[in-house]
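Chemist: Single-letter residue listing:
Number of protein chains: 2
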Amino acid sequence: MTTAAVPPSVTLLIETFAELPGIGPKTASRLAFFLLRGKSELALRLADALQGLVNNTRFCSTCYNVTETDPCPICADPLRDHHLVCVIEEPMDLLSLERTENYHGVYHVLHGALSPLEGIFAEDLKIAELEKRVREGEIREIILATNPTSEGDYTAAYLVQRLKPLGARMTRLGRGLPVGGDLEYADAVTLSRALEARQEL
Amino acid sequence: MTTAAVPPSVTLLIETFAELPGIGPKTASRLAFFLLRGKSELALRLADALQGLVNNTRFCSTCYNVTETDPCPICADPLRDHHLVCVIEEPMDLLSLERTENYHGVYHVLHGALSPLEGIFAEDLKIAELEKRVREGEIREIILATNPTSEGDYTAAYLVQRLKPLGARMTRLGRGLPVGGDLEYADAVTLSRALEARQEL
Chain A
18 MTTAAVPPSV TLLIETFAEL PGIGPKTASR LAFFLLRGKS ELALRLADAL
68 QGLVNNTRFC STCYNVTETD PCPICADPLR DHHLVCVIEE PMDLLSLERT
118 ENYHGVYHVL HGALSPLEGI FAEDLKIAEL EKRVREGEIR EIILATNPTS
168 EGDYTAAYLV QRLKPLGARM TRLGRGLPVG GDLEYADAVT LSRALEARQE
218 L
Chain B
18 MTTAAVPPSV TLLIETFAEL PGIGPKTASR LAFFLLRGKS ELALRLADAL
68 QGLVNNTRFC STCYNVTETD PCPICADPLR DHHLVCVIEE PMDLLSLERT
118 ENYHGVYHVL HGALSPLEGI FAEDLKIAEL EKRVREGEIR EIILATNPTS
168 EGDYTAAYLV QRLKPLGARM TRLGRGLPVG GDLEYADAVT LSRALEARQE
218 L
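As they're listed, the protein sequences go chains A and B.
Going by my numbering, the first residue of the first sequence is number 18, and it counts up by one from there.
Going by my numbering, the first residue of the second sequence is number 18, and it counts up by one from there.
I should point out that these hints are in silico values taken from the structure, not numbers from a laboratory.
Just so it is clear, the structure is predicted and the values come from calculations on it, not from any experiment.
Quick reminder that beta carbons are idealized off the backbone N, C-alpha and C, glycines included.
The reader is advised that the hints may include incorrect statements.
[Unchecked claim] Below, a sample of chain B positions facing chain A; criterion: calculated Cβ distance under 7 angstroms:
hint, residue
1, Pro24
2, Ser26
3, Leu29
4, Pro38
5, Ala66
6, Gln68
7, Gly69
8, Thr74
9, Ser78
10, Cys92
11, Leu101
12, Pro108
13, Val177
14, Leu194
15, Leu218
Please model the complete structure; the sequences and the hints are all you need to start from.
Modeler: If you want it as structure tokens, here you go:
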């Protein structure tokens, strides 16, 4: 072919969509051409929403959850139990736990799990920040709600080794969770049971 | 819960992602939270690419393909056969045909197929514009490459009825195509054979 069939701005959008997880070149093309079919308004709203995400969100300086205010609404809520901290890998895991409507403590988002093979070490996660909270705050119990995977279990074991000497009670979510699964896919009932059946470490 | 777990700007992005085809609320959440994990740069590039799509693309005033210049590079290419017009439903179908490297004519994009049940009639598609090209231009042959579905076949039959009296030769892509399929998923070899085996109408 002597002529380019796809304009550069369409190619650029397809390539950028394809950088998102789970979106291959074919899906990226479909999305771009969908937006070309009289969906300018949606394309511009999506652009605005993306810019809004970047401009308006930050991490809570206490729990490192995503927030528009600092401290985040959960850390600022006097009705939550600030002596009970649930440690999670990702902000999305917080949503799964909130959906149980069975947890009234606060959170600490690690932003990942330890994985020496992938080069993710303690200093890459919000672990020093968690230790600081434990040392400074009056934390009664730390619930380790990392994913029930080898990385999640390793992270939990590391946290026990590092934080248990500081005196707080440490528990791990009950193994009602299917092993090898991902916390964000757990249904509310299973997660709720796992919260109730949490085990002393 | 007394506190909102997801900031408004994240909710807005999730809801907007979910308006895209094939992206449900769960995938939309994953995409939004993926972008929150230190992917501000990607989020802003995606926003720019979306705005670029809206600001830089239009439809070619001859063939109605998506383009940044008018006429589009294919319509402006003196090496293409401008007496041979391939009629397709969507701009993406053009990519499939270009990928065969076996078609050197020009195109006409209908932007859909007739579907009386869904309320899509001739005046909703670029059919009057095609008729104008046939009446004004020196078109030797019109290849109907609408999808091999009931809507695509109905559209082809309608075009034959409307345009054949104007004198151009009209052909339909050979039925090497799997019936009930979608043109954009056809592999290059199958499409290439279908081009060669096109049938007189």
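Chemist: Now tell me if each hint is right for this structure.
Modeler: Hints versus structure:
A cut of 7 angstroms between beta carbons decides the hint on Pro24(B): the least distance to chain A is about 4 angstroms, and the hint holds. With its C-beta approaching chain A no nearer than about 4 angstroms, Ser26(B) sits inside the 7 angstroms limit, and its interface hint holds. Here the hint on Leu29(B) is kept, as its CB sits about 5 angstroms from the closest CB of chain A, short of 7 angstroms. For Pro38(B), the shortest C-beta to C-beta distance to chain A is roughly 5 angstroms, which falls under 7 angstroms, so the interface hint holds.
Here the hint on Ala66(B) is kept, as its CB sits about 4 angstroms from the closest CB of chain A, short of 7 angstroms. Interface restraint check: Gln68(B) against chain A, minimum CB-CB distance 5 angstroms, threshold 7 angstroms, status holds. Given the 7 angstroms rule on beta carbons, the hint for Gly69(B) holds: about 4 angstroms separates it from the nearest Cβ of chain A. With a cut of 7 angstroms, the hint placing Thr74(B) at the interface with chain A holds, because the nearest CB-to-CB distance is about 6 angstroms.
Taken as an interface hint, Ser78(B) does not check out: its beta carbon lies about 15 angstroms from the nearest beta carbon of chain A, beyond 7 angstroms. Checking Cys92(B) against chain A by beta carbon gives a least distance of about 9 angstroms; that is not within 7 angstroms, so the hint is violated. Interface hint status for Leu101(B): violated, as the beta-carbon distance to the closest one in chain A is roughly 15 angstroms, over 7 angstroms. Hint on Pro108(B) holds. Least Cβ distance to chain A is approximately 6 angstroms, under the 7 angstroms limit.
Contact between Val177(B) and chain A, as hinted, is not supported at the beta carbon level, the nearest pair being about 25 angstroms apart and thus beyond 7 angstroms. Against a cut-off of 7 angstroms between C-beta atoms, the interface hint on Leu194(B) is violated, since the closest Cβ of chain A lies about 18 angstroms away. Nearest Cβ of chain A to the Cβ of Leu218(B): about 26 angstroms, over the 7 angstroms cut. The hint is violated.
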